[in-house]
Amino acid sequence: MGFFSKLKDSLKGSFGGEKLSDSLTKTRKGFIDKVFDVFTGRIIDEELFEELEEVLIQGDVGVNTAVDLVEKLRERVKVEKLKEAEQLRKVLVEEIIKIMGDEIPNLDLAKGELNIILVVGVNGVGKTTSIGKLAYKLKAEGKRVILGAGDTFRAGAIDQLQVWGQRAGVDVISHKEGADPAAVVYDAIQAAIARKADILIIDTAGRLHNKINLMEELKKIKRIIDKESVGTLKEVLLALDATTGQNALSQAKIFGQAAGVTGVILTKLDGTAKGGVVIGIKAEYNLSVKLIGVGEKIEDLQEFKPQDFVAALFTEAEDENNEG
Amino acid sequence: MAFESLGEKLQGIFKKLKGQGKISDKDLKAALREVRVALLEADVNYKVVKDFVNTINERALGQDVLESLTPGQQVIKIVNDELTQLMGGAQSKLEISPKPPTVIMMIGLQGSGKTTSTGKLGRFLKKQGRSPLLVACDIYRPAAIKQLQVLGEQLEIPVFSMGDKTSPVDIAKAALNHATYHGNDLVLLDTAGRLHIDEALMAELSAIKNEVKPTEILLVVDAMTGQDAVNVAEKFNELLNLTGVVLTKLDGDTRGGAALSVKAVTGKPIKFVGMGEKLDALEPFHPERMASRILGMGDVLTLIEKAQENFDSKQAQELQQKLLKAEFTLEDFLTQMQQMKNMGPLDQVMDMIPGMNKAKLKGLEFDEKEFVRFQAVIQSMTKDERRNPHKINGSRRKRIALGSGTKVQDVNRLLKQFEQAQKMMKQLSGMASGKGKKGKLKLPFM
Ligand SMILES: Nc1nc2c(ncn2[C@@H]2O[C@H](COP(=O)(O)OP(=O)(O)OP(=O)(O)O)[C@@H](O)[C@H]2O)c(=O)[nH]1
Ligand SMILES: Nc1nc2c(ncn2[C@@H]2O[C@H](COP(=O)(O)OP(=O)(O)O)[C@@H](O)[C@H]2O)c(=O)[nH]1
Ligand SMILES: [Mg+2]
Ligand SMILES: [Mg+2]
Numbered sequence: 009m010g011f012f013s014k015l016k017d018s019l020k021g022s023f024g025g026e027k028l029s030d031s032l033t034k035t036r037k038g039f040i041d042k043v044f045d046v047f048t049g050r051i052i053d054e055e056l057f058e059e060l061e062e063v064l065i066q067g068d069v070g071v072n073t074a075v076d077l078v079e080k081l082r083e084r085v086k087v088e089k090l091k092e093a094e095q096l097r098k099v100l101v102e103e104i105i106k107i108m109g110d111e112i113p114n115l116d117l118a119k120g121e122l123n124i125i126l127v128v129g130v131n132g133v134g135k136t137t138s139i140g141k142l143a144y145k146l147k148a149e150g151k152r153v154i155l156g157a158g159d160t161f162r163a164g165a166i167d168q169l170q171v172w173g174q175r176a177g178v179d180v181i182s183h184k185e186g187a188d189p190a191a192v193v194y195d196a197i198q199a200a201i202a203r204k205a206d207i208l209i210i211d212t213a214g215r216l217h218n219k220i221n222l223m224e225e226l227k228k229i230k231r232i233i234d235k236e237s238v239g240t241l242k243e244v245l246l247a248l249d250a251t252t253g254q255n256a257l258s259q260a261k262i263f264g265q266a267a268g269v270t271g272v273i274l275t276k277l278d279g280t281a282k283g284g285v286v287i288g289i290k291a292e293y294n295l296s297v298k299l300i301g302v303g304e305k306i307e308d309l310q311e312f313k314p315q316d317f318v319a320a321l322f323t324e325a326e327d328e329n330n331e332g
Numbered sequence: 007m008a009f010e011s012l013g014e015k016l017q018g019i020f021k022k023l024k025g026q027g028k029i030s031d032k033d034l035k036a037a038l039r040e041v042r043v044a045l046l047e048a049d050v051n052y053k054v055v056k057d058f059v060n061t062i063n064e065r066a067l068g069q070d071v072l073e074s075l076t077p078g079q080q081v082i083k084i085v086n087d088e089l090t091q092l093m094g095g096a097q098s099k100l101e102i103s104p105k106p107p108t109v110i111m112m113i114g115l116q117g118s119g120k121t122t123s124t125g126k127l128g129r130f131l132k133k134q135g136r137s138p139l140l141v142a143c144d145i146y147r148p149a150a151i152k153q154l155q156v157l158g159e160q161l162e163i164p165v166f167s168m169g170d171k172t173s174p175v176d177i178a179k180a181a182l183n184h185a186t187y188h189g190n191d192l193v194l195l196d197t198a199g200r201l202h203i204d205e206a207l208m209a210e211l212s213a214i215k216n217e218v219k220p221t222e223i224l225l226v227v228d229a230m231t232g233q234d235a236v237n238v239a240e241k242f243n244e245l246l247n248l249t250g251v252v253l254t255k256l257d258g259d260t261r262g263g264a265a266l267s268v269k270a271v272t273g274k275p276i277k278f279v280g281m282g283e284k285l286d287a288l289e290p291f292h293p294e295r296m297a298s299r300i301l302g303m304g305d306v307l308t309l310i311e312k313a314q315e316n317f318d319s320k321q322a323q324e325l326q327q328k329l330l331k332a333e334f335t336l337e338d339f340l341t342q343m344q345q346m347k348n349m350g351p352l353d354q355v356m357d358m359i360p361g362m363n364k365a366k367l368k369g370l371e372f373d374e375k376e377f378v379r380f381q382a383v384i385q386s387m388t389k390d391e392r393r394n395p396h397k398i399n400g401s402r403r404k405r406i407a408l409g410s411g412t413k414v415q416d417v418n419r420l421l422k423q424f425e426q427a428q429k430m431m432k433q434l435s436g437m438a439s440g441k442g443k444k445g446k447l448k449l450p451f452m
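Protein chains in written order, with the working numbering: chain A, 9 to 332; chain B, 7 to 452.
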């Protein structure tokens with residue numbers, strides 16, 4: 009079982025409470041100790057560097073980033089005259105945190121005015137589900153939330169969002185399947201203004217970033233928002249599936265260019281995939297993960313804690329090494 | 007992802023060998039390192055890569071590669087052959103049960119494309135004269151049943167559902183009876199997405215399997231999947247003994263290394279690939295194409311086929327003749343652009359050309375306005391200029407710009423793109439005329 013799913017289990021029913029951080033440190037510590045058992049008592053040698061590189065690559069960090077990181081480790085080992093493998097742990101975590109930052113990134117939302125959040129991404133990554141969860145979370149924080157059903161393309165997509173709207177207890181503005189998404193967005197903005205909503209979250213159809221016409225459609229949606237309600241588009245969140253490999257870099261780049269992405273929702277971290285590609289995404293495109301999805305239930309959305317994420321990269325690496 | 011293609015890299019390594027005809031052990035190592043990196047960048051699983059590179063090394067050593075006159079080509083050929091072989095093997099046809107109805111069960115992670123692929127397969131089989139029934143076994147995801155119903159309506163294929171209160175096992179069982187009664191010779195089960203580590207839901211799949219004994223159990227895998235593909239495929243296969251794989255979303259720009267990982271750990275054939283969201287976007291799997299795609303060598307064969315579909319074949323032949331005689335003119339360029347326009351998103355087409363990375367393609371993106379501009383520019387040229395673009399000097403450029411109501415920069419841009427296209431077409435025609443036999447393709451970069 010993945011790190012995040014254990015986390016989730018310990019969390020059940022207590023969304024964001026005090027208990028979380030306690031159990032979290034405990035879990036994390038347990039994992040790190042266990043994982044780095046592989047290294048304890050060993051000296052730092054070429055084999056160890058290679059194993060580390062392997063762990064990173066298997067976490068989808070990507071061969072280039074992994075090699076760069078291990079190269080940094082080599083340098084530091086030389087300069088700081090490190091001898092024990094155990095010391096490497098700290099250094100590696102430091103280097104990754106240097107890239108990721110150690111702050112928990114927040115959504116950039118203003119009080120007392122309309123905030124629009126646009127959610128984009130390729131097909132099937134978890135946009136709609138994350139919107140349902142986010143609506144629930146923001147509503148629980150006392151916000152007035154409205155959803156816009158901008159995916160008018162995929163069969164059943166509107167119904168899917170409506171179910172999430174009901175679950176979260178928020179209104180959903182929608183047109184019929186096949187309608188112009190820009191028109192839905194227009195109506196959703198009018199409704200949000202009329203109902204004095206704090207937050208409007210807009211769902212969009214999944215699209216592969218190499219389809220120029222579909223990316224143009226996103227730009228059009230953004231233009232409508234700018235025109236109808238200037239300055240209210242606070243977040244454009246790119247949903248990324250943690251199971252995705254290096255193609256996520258391409259997604260981040262092209263969605264970033266076309267839609268002005270402000271942050272990432274990393275979904276499906278309850279599986280065994282690590283989502284390590286977000287390190288490269290942060291390094292290359294300066295996009296931070298702002299939220300993570302850890303399951304299919306409405307409360308399975310969490311903030312992103314870089315420290316935990318890095319720790320999780322190394323979980324199970326040990327088991328895998330033993331197998332192989 | 008603007009990385010140099012593997013072909014370019016290997017070319018770099020072996021360049022200094024020209025004429026020398028020998029390759030050192032060191033060069034082979036360097037080449038294999040590049041192969042390794044290329045595979046990892048393509049998301050082939052780390053361990054699979056390790057094994058694979060070892061195999062290549064052995065084969066390369068066992069043969070006369072080191073003595074060969076074109077070691078680069080030899081190495082890439084071995085790599086390509088091995089990859090193709092690894093991914094090919096068993097036939098990729100769907101098994102049809104001698105005792106109808108044939109049951110096909112679609113399984114996989116969340117969002118991998120099961121429901122869409124169920125619809126696509128339904129369409130595919132209906133076209134072959136069968137009478138499919140789509141069955142909504144996803145009782146968990148909101149509106150999952152509705153999604154399948156909409157697809158069924160679009161395809162005019164019946165959908166069997168019992169709402170979201172009945173267990174998927176019972177639904178599958180009832181669907182089988184329904185099919186038998188209504189004369190459906192094919193039953194396609196759309197199951198809910200689930201994590202391979204979700205024991206309860208994995209047990210549900212086993213229960214369905216035991217109940218309805220499917221002829222085909224297809225794992226639906228997103229082509230963009232990373233290193234985790236092996237864990238997923240291994241688990242699903244171990245528990246359910248898959249009969250095949252459907253690889254989806256290959257219309258994206260992913261290199262799709264997951265295909266190799268999945269094949270390597272399950273040994274099961276990839277039977278179909280999804281090439282788009284529309285219901286007709288399902289294609290049979292071609293191992294050799296996938297091999298060159300993973301290696302970053304472009305999907306030459308698909309491109310040629312696509313081109314053949316869309317180009318008027320007589321025109322294409324003429325074009326090829328012209329290319330061979332180096333007579334490709336600006337007029338042809340215009341016609342060709344028109345045809346490219348009909349061929350679908352240009353970048354997608356370009357992606358399939360070896361040695362073309364995105365960065366190089368910047369100038370080639372199709373743009374309707376640009377097309378109109380170019381048309382005007384070309385029409386303002388004299389016949390001679392159209393045939394001999396190299397003659398178009400500064401003052402001629404000014405005149406043409408003036409005549410077409412464009413700017414000199416537009417003329418320059420056109421000429422530049424023409425030059426690029428010329429090069430590209432040369433590359434393509436070289437391949438197309440290479441006997442047309444699949445395995446016989448000459449790789450263009452060595
Ligand atoms: N571009 C592209 N999109 C695809 C392809 N196959 C499926 N999709 C899209 O991927 C998304 C998920 O597809 P679904 O068929 O709903 O996937 P699923 O596995 O049934 O998903 P769940 O039931 O939610 O687990 C949808 O937006 C589909 O339109 C493909 O080959 N290419
Ligand atoms: N296990 C897991 N599944 C998720 C998560 N987020 C979304 N999903 C599932 O992934 C599938 C696709 O999600 P959906 O929201 O429809 O994706 P969209 O196409 O991007 O809108 C659905 O089956 C969701 O239930 C997550 O964090 N963990
Ligand atoms: Mg959606
Ligand atoms: Mg489905």
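What the hints contain is simulated information worked out from the structure, not anything from laboratory work.
Yeah, the Cβ is synthetic: ideal placement off N, Cα and C, and Gly gets one too.
Take the hints with a grain of salt, since some may be wrong.
[As the list claims (entries may be wrong)] One-sided excerpt, in silico: chain A residues whose CB lies under 7 Å from chain B:
1. Val85
2. Gly164
3. Thr251
4. Gln254
5. Asn255
6. Ser258
[Unchecked claim] Capping the alpha-carbon separation at 20 Å, the derived lysine to aspartate or glutamate pairs in EDC-like fashion look like this:
7. A:Lys290 - A:Glu58
8. B:Lys35 - A:Glu55
9. B:Lys35 - A:Glu61
[Unchecked claim] Where chain B lies over chain A, by a calculated footprint (3+ residues, C-beta under 8 Å):
10. 114-127
11. 130-138
12. 189-200
13. 271-283
Do the hints match the structure? See the list:
Evaluation of the A:Val85 hint against chain B yields a violated restraint, the C-beta minimum of about 23 Å exceeding 7 Å. A least Cβ separation of about 3 Å between A:Gly164 and chain B falls short of the 7 Å threshold, and the interface hint therefore holds. At about 5 Å, the closest approach between the beta carbon of A:Thr251 and any beta carbon in chain B falls short of 7 Å, and the interface hint on this residue holds. Hint on A:Gln254 holds. Least Cβ distance to chain B is approximately 6 Å, under the 7 Å limit.
The criterion of a C-beta within 7 Å of any C-beta in chain B is met by A:Asn255, whose closest approach is roughly 4 Å, and the hint holds. Look at A:Ser258: its Cβ gets to within about 5 Å of chain B, closer than 7 Å, so that hint holds up. With a CA separation close to 24 Å, the supplied pair A:Lys290 and A:Glu58 exceeds the 20 Å bound. A C-alpha spacing of about 19 Å is found between B:Lys35 and A:Glu55, which places the hinted pair at or below 20 Å, so the restraint holds.
With a C-alpha separation of about 19 Å, the suggested pairing of B:Lys35 with A:Glu61 holds against the 20 Å cut-off. For a cut-off of 8 Å, the count of residues in the segment 114-127 of chain A with a CB near a CB of chain B stands at 0, and the three-residue condition is violated. Under the rule that three or more residues need a Cβ within less than 8 Å of chain B, the assignment of the segment 130-138 of chain A holds, with 5 such residues. Only residues whose C-beta sits within less than 8 Å of a C-beta in chain B count toward coverage, and the segment 189-200 of chain A has 0 of them, not enough to reach three; the restraint is violated.
With 6 residues bearing a CB less than 8 Å from a CB of chain B, the segment 271-283 of chain A meets the requirement of three and the coverage assertion stands.
Violated hints, listed in ascending order, are 1, 7, 10, 12; each of the other numbered hints is respected by the structure.
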